[in-house]
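A.B. asks: Residue numbers (our numbering), protein chains in the order written: chain R, -3 to 334; chain P, 39 to 342; chain L, 571 to 837.
It is possible that part of the hints are untrue.
As the list claims (entries may be wrong) - Computed list of lysine-lysine pairs in DSSO-like fashion (alpha-carbon distance at most 30 Å, straight line):
no. : chain 1 : residue 1 : chain 2 : residue 2
1   : L       : Lys720    : L       : Lys696
2   : R       : Lys6      : L       : Lys720
3   : L       : Lys719    : R       : Lys6
4   : L       : Lys719    : R       : Lys7
5   : R       : Lys6      : L       : Lys706
6   : L       : Lys583    : L       : Lys593
7   : L       : Lys593    : P       : Lys216
8   : L       : Lys583    : P       : Lys141
Stated by the list, open to error - Listed next, with one range per pair, are the computed distances between beta-carbon atoms:
no. : chain 1 : residue 1 : chain 2 : residue 2 : range
9   : P       : Thr127    : L       : Leu654    : 49 to 59 Å
10  : R       : Pro144    : P       : Asn234    : 58 to 68 Å
11  : P       : Arg237    : L       : Gln809    : 50 to 60 Å
12  : P       : Asp315    : R       : Arg119    : 19 to 29 Å
13  : L       : Leu654    : R       : Arg119    : 16 to 26 Å
14  : P       : Asp315    : L       : Gly757    : 52 to 62 Å
15  : L       : Leu654    : P       : Ile327    : 46 to 56 Å
16  : L       : Tyr723    : R       : Ile32     : 42 to 52 Å
17  : R       : Asp329    : L       : Gly757    : 27 to 37 Å
Said to hold, decoys possible - Which bits of chain P does chain R cover? Going by a derived footprint, with three or more residues having C-beta under 8 Å, they are:
no. : stretch
18  : 125 to 136
19  : 291 to 305
20  : 319 to 333
It is worth saying that the hints were derived from the structure and are not from the lab. Note that the structure is predicted; figures quoted are calculated from it, not measured. By construction, the Cβ of each residue, glycine as well, lies at the ideal position given by its N, Cα and C atoms.
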Amino acid sequence: MTNSSESFGKKSLQTTVLPILAIVVFALLGQGLEVITNQYVQLVLLYVCANIIFAVSLNLVNGFTGQFSIGHAGFMAVGAYVSAYLSTSVVTQPGFFDFIWFAIAGGLVAAADGYVGGLPSLRLRGDYLAIVTLGFGEIIRVVLLNMPAVGGARGLGGIPRPAQIELGDFILTPFYLGYLQSIFWVIVTLVVLWRLVHSVHGRTFLSVREDEIAAQAMGINTTSVKVRAFVIAAFFAGIAGSVFAHSAQYLIPQTFAFTKSVDAIIMVVLGGMGSITGSVFAAVVVTLLPEFVLRPLADYTGVDLRMVIYSLALILFMIARPQGIFGTREINDLWRRK
Amino acid sequence: MSDLTQEFIQHVINGVSLGSIYALIALGYTMVYGILQLINFAHSEVYMVGAFAAYYGARHLGLNNSPGITTLIILLVFAMVVCSVLGVTIERFAYRPLRKAPKLNILITAIGVSLLLQYSGQIIFGADPKVFPNVLDDSVLAMIGTVELRTFDIAILGVSLFFTAVLTWMIQYTKIGKAMRAVSTNHVVASLMGINVDRVISFTFIIGSSLAGVGAVLVGMKYPKIDPLMGTLIGLKAFVAAVLGGIGSLGGAVLGGVLMGLSEEMVVAYLSSTYRDAFAFGLLILILIFRPAGLLGKASQEKV
Amino acid sequence: MSSPQGEVILEAKDVTMQFGGLKAVDTFNIALRKGELAGLIGPNGAGKTTVFNVLTGVYKPTKGDVHLCGVDIRPLKPFKISHLGISRTFQNIRLFRDLSVIDNVLIAAHQHAEYTMLDSVLRLPKHFWGEAHLRKQALELLHIFNLDKKADYQAGGLPYGEQRKLEIIRALATEPKMLFLDEPAAGMNHKESESLMETIAKIRKDFGLTVLLIEHDMKLVMGICERILVLDHGVTISQGNPEHVRKDPKVIAAYLGADFDQGVDRG
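Just chain R, same shape as in the assembly (with noise of 0.2 Å):
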């Protein structure tokens, strides 16, 4: 292995222009989307987008770092809501850029939030700790429901899309802009989360999952870290909510209950806790599969099963695979030798 600095740089920028190549694609595709498909299947792509964020976020902390979050919801929450504030009622005319501060705005206060969230962490294990995120998550789904200037129980209606942009004959419909920004955060959150771990930084987010007292003694501050990992999944839920804002269109408080909180552990759990890639190949099935194969059957047979199906995934997959499909494993295993 060389070890000249020049190789450091060359692999420094090989690793930048992987992500910058993978949007380029994805812009590409989405031009080929919006020909092919309807609005319907253009709405859940961006629902795939949100969800994703939300899963590999969530994978941060239950997964890496091994702590108990059962209320994740709610920063996603506090973002979408933050986000859809500023663009509907803060900002008027927003323009396409405009639309990346709404996401990082909502990311912010969602992270300030996830540093409240926690807290506890540092007094609390396990299941003590898993039932005061679930307290939170819903006491901020209470608050938004008692907030008059978001709409309160009526909702936060009329969340607008980027503006078109023509450029000479080339229409970008707000469709288009939309997904790409969603694309772009896609990408950003994988990269950032994906890098984080596998440094010497996201190492001591695993030192805490195996063992604590053993990481303490190598001295890693696990509180510090606890809080961080915190902190990080909630601006990534954030973010997850201002694509999920922009998408919908509307909000109402209900959405993010504590079943969409399960509904990302069931995405982390069925992906593997400590793979991103499997939370990515999780959330794409766990958007699609209602909206494709369950809402048919349940129109067909008239019962919704589908938080039955996810239920009894939940509890199958606990006992008989419970590190989900991928386990800790991610894509690039495939290529590298471990």
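Let chain R serve as the given structure and place chains P and L on it in line with the hints.
C.D. replies: Frame of chain R, contents of chains P and L only:
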């Protein structure tokens, strides 16, 4: 006695009545936690199934409108049996396979079971609320000034005290009770002493679930509207009660339940009813931050 | 073996550790000098691991104080104490079992990483340089016990003896001044234990460490320790060089029934 005092006493009666129900359900939570270190999320749904079992049982036996002690007893037995069976089944098939798994896994499974029961319940029983059969005549048995002692409250208090007494006797004076105490202290040593840990755990679930069944009938009697999601809120409050009293401690569950009922009643009566439910969560968070061991519990130290 | 002349770097004065009614450690005193290789022995349940736990901040002593290079470490959390230069292994092996051998070592080296989280997220050259550097150091450490060939193996899958060695390497990776080893030879047969003890002595020399070790096997401890403290039921019943301790009647009485003169072969 002044009006204010009388009103206060009425609230105390209501609070203790409510609290005894919380206590019954809290006992289930605390016993399972004491023995498995697991928050049995599904307990609230076992309670819900108990209510429906009594409902369907009453319909089947034509007891829909024959209030009386016999009806009460029959419904109690019905609910207790169904709940025990359900509780033991859940333990056997969902929790036992995960005995050696990381805690997070079993927690998630418990959540899964809880959701499964809720949503299956909605499909099987229908999401619309049903009306619980008439268990007792709601009449006033005695009056002290304007303070009313109604049959419901007496029944609730009486039944709760009865079962709590039976439980206490069982834990203190029977062999199985001793075994339960042993297993909750240290199940490895208990098994080395020849105790069949699996059986003791199943038995614990039977007891805990039965008590939930009792609670369900009492609740159905007093608040006759039942629906598949009825377990969530009361389960949460009973859980908070168990934590308040000190999770793992039976006396704590009873104390916590009564305190919970009393304080909820007082909050609604003297503060505002909108905060009734939020109060439980808020209290929980406060307890966990300031005194996680609860009133009667003791903090444990991990061996390094 | 010459007696070390270094300054005192760890001092425990009248440390008592009480758990409810049980006095696990009673008035424990030690003054470790820089570069010393000392041993803590005693029958099972004597309180040796409890002493370790007090000295490394896992427990706060009920009475007494502990000073590391003059700093009172009692109010400090274990991770802070690690930063001050103490590192340890555990009686019941606490490896990061699901992680690889080298990851265990890399995590311990985390304090000394010279690149930040931001560097890693942006994948700046500094990150790659830093990771390569840490990896190189980790492999060198693993080489001490010939574990570098198993760098990518799952830690939990290693044979017991190698797990113990890995724990020692992990402790070394924090670049400590003091190394506390809790029964490092447990479960090893006599030959392995001897070889381990030689390696420990070598590590002490090569890394300029002060070492405190807990062991059952008297013969091993006599072989390399310059000073030995003997605990029984929490009380220090003897202290001194190996010869003194071996002949001390109180020590013999405490070990009555155990075959300490010949060592016990744990194959």
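A.B. asks: Which earlier hints can't be squared with this structure?
C.D. replies: 8, 15, 19
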